[in-house]
Structure formats: C-alpha cells, structure tokens
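Once you've looked at the hints, dock chains X and C against the given chain P.
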Amino acid sequence: MDDRRVVVTGVGAITPLGTTLRATLEALAAGRSAVAPAKLFDASGFSCADAAEIRDWDARPAFNIPKALKLTDRPARFAVAAAQMALADANWPADRAARDTLGVAIGSSGSDLQARDLGRALAHDPLAESATDVAVFADRILGRLNPLWLLVSLPNMCSAHVGIQLSARGPNSTIMSDWAAGLQAVGEAAEWIRCGEADAVLAGGADSGVQPFAYAAYEQARLFADGSSGGRFVPSEGAAVLLLEERDAARRRGVQPYAELQGYAARGGSCEGGDSLAAAFRDALSAAGWQARDVSLCTVAAPPITAFERTARSAIETVLGNVQARAVFEPKLGHPLAAAGPLDVALTLTCNRAGRGQGAATPATMAARVLASAIGFSGEAVVLALEGQQPS
Amino acid sequence: MTRRRVVITGLGLVSAAGCSVECAWQRLRAGESAVRRIKRFDVSGFPSQVAAEIDDSSLAVPTHSLQLIDHDRIARYADTAAATALEDARLLTADVDRSRVGTVMATGMGRYGHREVFASCAAAAVDGPDAFDWRVLADALRREIRPNAAQRRTPGSIPTSIAMRYAFGGPTMAVMTACAGGTQAIGDALRWIRTSRADVVIAGGADSELYPMGLASFCLLGALSTRNDNPAGASRPFDADRDGFVMGEGAGMLVLEARDHALSRGAHIYAEVAGFGSACDAFRATDPHPDGVGAQLSMRRAIGDARMQPDDIDYINAHGTSTPANDRVETTAIKAVFGLRARDIPISSTKSMIGHATVAAGAIEAIVTTLTLRDQVVHPTINYESADPNCDLDYVPNQARATTVDLALSNSFAFGGQSACLVLRRHEQ
Amino acid sequence: MSGEPADLETRVKHIVAGALDVPVERVHNHASLINDLGAESIDFVDIVFRLESAFGIEISEDDIWKGSIDPSSEATIAAGVERLRATMPEFRWETVPAKITRAELPALITVRTITDYMRKRLESAAAS
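Protein chains in written order, with the working numbering: chain P, 1 to 392; chain X, 1001 to 1429; chain C, 2001 to 2128.
Mixed in with the good hints there might be a few duds.
[Claimed, not checked] Keeping only pairs whose Cα atoms sit at most 30 Å apart, straight-line, the calculated DSSO-like set for lysine-lysine is:
#1 C/Lys-2066 to C/Lys-2099
#2 P/Lys-39 to P/Lys-67
#3 C/Lys-2013 to C/Lys-2120
#4 C/Lys-2013 to P/Lys-67
#5 C/Lys-2013 to C/Lys-2099
#6 C/Lys-2066 to C/Lys-2013
#7 X/Lys-1335 to C/Lys-2099
#8 C/Lys-2099 to P/Lys-70
#9 P/Lys-70 to P/Lys-39
#10 P/Lys-70 to C/Lys-2013
#11 C/Lys-2066 to C/Lys-2120
#12 C/Lys-2099 to C/Lys-2120
#13 C/Lys-2066 to P/Lys-67
In short, the hints are calculated from the structure, not lab data. Since the structure is predicted, the reported quantities are computational estimates derived from the model, not experimental observations.
Just chain P, same shape as in the assembly (with noise of 0.2 Å):
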C-alpha cells in the first residue's frame, strides 16, 4: 500500500464560464461573470433570483449512446463530458481492454425533483386535492407522469452514466456527502488506487442547485441573506472530472502528470465551526507527511457566505498561520454546490501547467504543495493535499 501513489493526468470540467476549462480560466481572466437572472427556471419569487448556468450547450457530443440522454439530469450529463474531456486531456487509450479496470466516483449534494414534471402531472388541481387525497395522487401520477421520472432522479445515476458511456468497469460508487462530495469522491477514488482496487479512476463532482427545492431550502436556510465579503451565494451548476492514476502506470503511458495526490483527509461535523475543518487539515499534512510551512497554497470551496467563510479562515489562519489561501470559491462561477471542490483543484491545476494565475484576482503562482478543501453544509470538512509536478 505504501509503494503505490497517485497521480492526476487529466482534468475536465464544464462551468458556466466556458464548456471547457480552457474556456472558463479565459473567461475568469477577462473578469466576466456567470451570474445573471436565472433562465432553467424563473426565480424571481425567490429571495435570490439569480443562477450561473451554463448556456447553449449540447451533450450529445459526449454521449456515445445518446438514447441514454433521455434518462439524464443535467448533472448526470455535465459528468460524461468532464469525464470524456479527463481522458481525452490524459491520452487515455480508446481500446476495450484499457477500460475494464477504469473506476469512476462522482460526488453530488442531492437530486432535482423535475418540478415542471411533476406539476404537469398534477395539474388542474385547485384544490390540491393530490396533497391530500391518495387515490387522487396515484391517479395523477401513475396516469400522467413520465415513468422515467425516477431514474433521471436517482442521483447514482451520475456515475452509472459514466461508467456507461465511457465503457468503465471498474469500482463505482456515487459520494452524496452534501457539498464534500465532489473532493470527497476524488479523495475516495485516489484510496481505491492505493489500495490496489483500480488502477485509474474518473474522480470528480457534478451537481446542479439551480432547482427550486433547493433554493427554496437556501432561502429557509438563510444563506441568500448572508452575503460575505467576496459577494453572495448563488447557486450554479458544472462538473469537474480529475483521471487519476497509480504513477507508475501512468509513467509506463508516458503522461506528465498534473500533481501527485499525497494526502486525503475527511472529518465529520462531529467539531462546533471550523474544528473540523482545522482537523482534517492537520490530517492532511500528516497523511501528506507536510509541514504547515510547506504549504504554497489553500483553497476552501466554500460558498461566499459570511459564517462559512469565517469558518474557512478561521482554520487556515490556525493550522496554516500566514499561507496565501482562498478560502471561497470563486463568486464568478457561483457555487456548484458538490462540483465546486473538484473544479477548484482543476482550475488550480489548470493554472499551474499554464503557469499562470486563476483569475485576475488572484497573483501567477507555480504553487508547489496545495491543500485544497471543500466544507459541507452541516460542517462536513474534506481536505486534499496535491503537490504539482514539473515537467521532467
């Protein structure tokens, strides 16, 4: 177990800002912003009446059964693009063989509940008799809702579709750890290759928050109230997908990887705020064999919301001290939800390779030992530790 280690050779992802992560740091750079009224459905009844969607985009390209499209969710399809961009980025060879042992996990907050759908169903029913009669729900739905309805909720089917389109068959598992999810499947992912378990794995997020169960949630939750320093929280939608590898694997293919993946770290809310946070920190650089002082760089995936960006500078400035460090995700985007902490190690990345910045805001850095984090909602606290990789 101590002699296998883990590299990432491919990035993909999908975000409001571009179709391709090229795309998007181009965007970032030029200072524009994907937040503007929401247009997959009219928020203005909500207290944030605005999204970061991703516009005039067709999947089908990325799906190489696109009957299958009819039984996604948009998640589900912003998944099997990141996941074809990550292959193709790392050369991936297209032969049968290669994929028998791919793996893929893919994290996601929650599902969407297809309102528009349901209501369809349900309709003419002033009374709202469907809430409370059963016989006149089950007439109603089981006489005019789409019977596909459940398998394009099922929020495993992020991974499945993966796996699916992609020929992948090795270990699947879908990580619903709320907004960790995304790092937490790719933390997940590089232990399955460490373990022997597979040997390459599509690890990433895909999430959408755009829906309206989850900005009427928000709202209760106060989060659109809360605005921090950096903006306010609005919620978005993407996926990005890492390829990781065992490095002498990925060696014999002859790949420069991006990073190596040195450290996993995940701690529960078990802590009041930051603790836990602050925790897997520490875990991380242990597992990394790092000092604090080594560290280049931090990043929190947090969403621009004062009491979780406390949260996330409170723990740098503990563990960290004086580290250049972002501790919320990039306002620009929105917040993807499980997609953002994944798409912010693949921006960094991205950036290290093109030796420069991530976005104007923040300086050029050839950041050597990044630890890269996500927190959940209810305090769960995921933590990566990455050293980039020069070119040999």
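What follows is chains X and C alone, placed relative to chain P:
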C-alpha cells in the same frame, strides 16, 4: 502489503421482520414472510399494493396523517439502528477514542414531505400542464416547507448527524449507489480501517421508499410485483412465476472494528469482513448485461480482495430481487464465477421475506450473512414453487438448513449497472 | 383525430424514433424494436407513455406487446410465429432462433405490432 483485519462487533436492525436483530433472524430462519398489504396509506389506486412494511408502533413513531407523510422515517430508522448497533458493540461505554471512529452510510435520495412537494407543484400547475408558474411554486414552497430542508435534501446529513450525536471525530461519508449502497458503505468502512484512517466505523444503510411517490415511481417503471391477492407469496426470487420485486424498508447498521482493537477491549466479535469488490456493467441504464459482466467482476473482486478463491465460498446471500431479469442474470453470473461448483453452493434471498429495502438492503443482508456465519444456518428462499430452467441452482428452497459456512458472499446490484459485493468470514470464538 | 392508416403509421414511427433516438428513416414496419432499433426494457415503458400522451388513450402494457401471438403454450407460440413468418417476410428472421420460446418473444415486437394495436384501439374508440 499488510492490512489490518476488520471484524464486526455490533449489529442494529430495523426491518419488517422485527426490530431486534435476534427476533428478525428467528423469523427469517423460520421462513416467515413480512409482506402484507400496505397499510400506511390508501393503495387501492396502485397496481402494486403489497410491501414488507415496518409497523410504526414498534418504533414509537407517531402515526402520521397523510398531511405529514414524510421520510424522516429514514432518519428515525438510521438513528434507531445506529443506537442499537453501538450499544450492542458496547462502543460508547468502552474506553474508545472517538476521534478514531468514522461514520459511513447509504441513505435514500433525499427526504421531502408529501405536502411540501405536491401541494406546491399542484399550486403552480393550477392553470394547466403547460402553464407552470414558478412564482406560484416559490410562494407555495415558502408556505409548505418544513424545517431543515437544506439538510433533508442531501443524504449526507444523516451520517453527519449521527457522527455529531456521538461526537465521532473520524471520517464521515454518505454514499448512494442506489440498491448497492448499503454494501458499498460497508466496503468503504472496511477500507478506512484497513488503512488506519479509523479504528472503528459505524457503517450501513437506511431507506424507505414506501410512501405515495416512492411507490408510484417504482410502479411507473413496472418493476414491482402485482401479486396483490397473495402478499406473502409476492416476493418469489428465482421462481418461474416471479413478476417483480416487493418493496421493503428499514435500516441496517454494523460496527466495524480493527480486529486487534476489538480483541484488546474484549469486544464480542460476530464475524470478519474479509473482502469487498465493486464494478459497473457499463451496459444499459436498467437492463443488466445478459451475462452479468458487472456482477461477475464484483464477485471476483470481492473474493480476490479477501485473498481467497471462488472454491472457498460456502454460501451466497443473493441480491435476488424476484425480478425476471435480475434473478436470471445473477444466476448466469454465479455460474460463470463458480463454474460447476455453483450447483453445490447454497444461495438464498433475504428479499423473499422482507422485500427490497432499496438503499438499505445491502446493509441488512450483510447483517443476515453475519448471523449465518455465527449460527451456521442458512435461511431459506421462500415461495420457491416452480423451477425456472434459467435459474437452476440451489436456492435453499422454503426450508432453512444447517450447514458449514466459513466464507460467505453477499451480492448487491443497482440500476445503472453498479454492483457491490462483500465477503464475510466466520470468526472462531 | 384522424384514423387514416398512413397518418397513424407515421405518427407511430415518429414516436418510436424519438424514444429510441434513431432516425425515422430507419424505423420500418418490420423493424424489431430490440434487434434492429436497440430497444431495452425501459424503452417499452417509455413508448407506451408517449403513445398514451399522443393519442389520449390508456394502453395496457400486457395487451400492446402481446401482438398476435398467444404466449400460453409452446404450441400456440409456434403457431403464432408461423403466421407471422407468412405475413411479415421482410422481418429479419435470421436474427431470432428457429424455435422461439416465450423469453424470446419480445424480439418479434415490431413497429407493426404497435400500429396494429393502435389501429384496433382507435377504431373501437371511434365506434363507441
């Protein structure tokens, strides 16, 4: 490569067969079906009207009127099973370092109230199916929304809340590989302990899809048995006349622990978790691959992870849902992995008696497999009356059997082709 | 709604093409949904829903997919298959076994299976 050995020291079960582990196990050994006509709500309008339904009064769960039908049931099942397992393991009284205790669970999609969702959607669609008014939806949701929606929408909140309640400081995680989820959670716990990420992990699954929308969504897929005139006979895995699965519900929680840690504190050990394997068919969204390619890979990986051979398996707790497709494909896959010896391995389906508890099933079945190893008895697959030429293995029909079981395999397969398998080993006391 | 055979056939073909994501030109009357057009079990559920929505009638899954073959015994299946061979020579009979069992019947479901069923239902609806 040295890996720490991992054992099971506590069990907690909430199921239609009974809410104490031993009580449920007795019923399973006796071949008792827990499937009845659904009582929780009016099922007369549904094509499938039977389920292995948990009696709420057994859990001191207040009877809800339809207005309040919700699945905070899932949280209750999870909490009850976790508390039981932790007490069974005597983990909270022992001198255990809680910062080294992890929590991983598979739970259902999200917990929404019936009214919360449907009164709101109906309000927004009052003017017709193509005149959906999002502003009306927003207003209605604001009126109808019940507390803690931000936690309820994500499965992640359940393991987090359990970890918080008991001040467990180790890693926490929610997994949701649908019907393979419960098994997946145990496999992840196994890895955490092997790699010393934790010394103890409370792992399992909790789910209930037995509410109007849950039942409706499975009915729409045509996945459920419609044998309403014979509830106890509706779940008939591997039988020629099977016609779909029967819904179950509940929770299964196991305390997994590093073997040395368990021995040194004198914990009672039920069995050893020897191996885990997972795969994806990479074939279709619902139809399993006809040769069960993913299932074969999972089974082989789990057995290989246990550093054993297929010949070493003495019992298989099947996924055995009672759907025409699964049971045929699972049989094919078992034959491919075990060859001629497949006919000599007793295979039984717990779902024949307690239906399919969806995300919780794998965890519940891991508990059943654990007890099989402890007591050296395999429970029957009930309702086995007519042989299907495509399912011609030994499914322990109708009668439990005492037999030597040193190594057992438990299978779980999900929509989308995800699969997860566990290998458990008998613990010599 | 029009009950003209040509119109019905076209509508059915477009529905099948949409559900199976294939170009409508490939959706021939004698095309097997499974063997020629790549249908899986969920697609049958989907097609029924689309037909119900388009034609405004309730469809029984058991009835529509039975087609003209009585599945109750080996003999009735054999007789039904013989009749089908005679009336549908353009079907790709080489893609199914010479002796067809009950499990293999779904492979015989074609666009015509659907059209025949819908024609009967619409005619009886018009008559009542």
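Structure-based check of each hint:
no.: 1; hint: C/Lys-2066 to C/Lys-2099; result: 18 Å, holds
no.: 2; hint: P/Lys-39 to P/Lys-67; result: 26 Å, holds
no.: 3; hint: C/Lys-2013 to C/Lys-2120; result: 17 Å, holds
no.: 4; hint: C/Lys-2013 to P/Lys-67; result: 16 Å, holds
no.: 5; hint: C/Lys-2013 to C/Lys-2099; result: 29 Å, holds
no.: 6; hint: C/Lys-2066 to C/Lys-2013; result: 19 Å, holds
no.: 7; hint: X/Lys-1335 to C/Lys-2099; result: 25 Å, holds
no.: 8; hint: C/Lys-2099 to P/Lys-70; result: 35 Å, violated
no.: 9; hint: P/Lys-70 to P/Lys-39; result: 21 Å, holds
no.: 10; hint: P/Lys-70 to C/Lys-2013; result: 18 Å, holds
no.: 11; hint: C/Lys-2066 to C/Lys-2120; result: 14 Å, holds
no.: 12; hint: C/Lys-2099 to C/Lys-2120; result: 29 Å, holds
no.: 13; hint: C/Lys-2066 to P/Lys-67; result: 25 Å, holds
Checked against the numbered hints above, the structure breaks only hint 8 and satisfies the rest.
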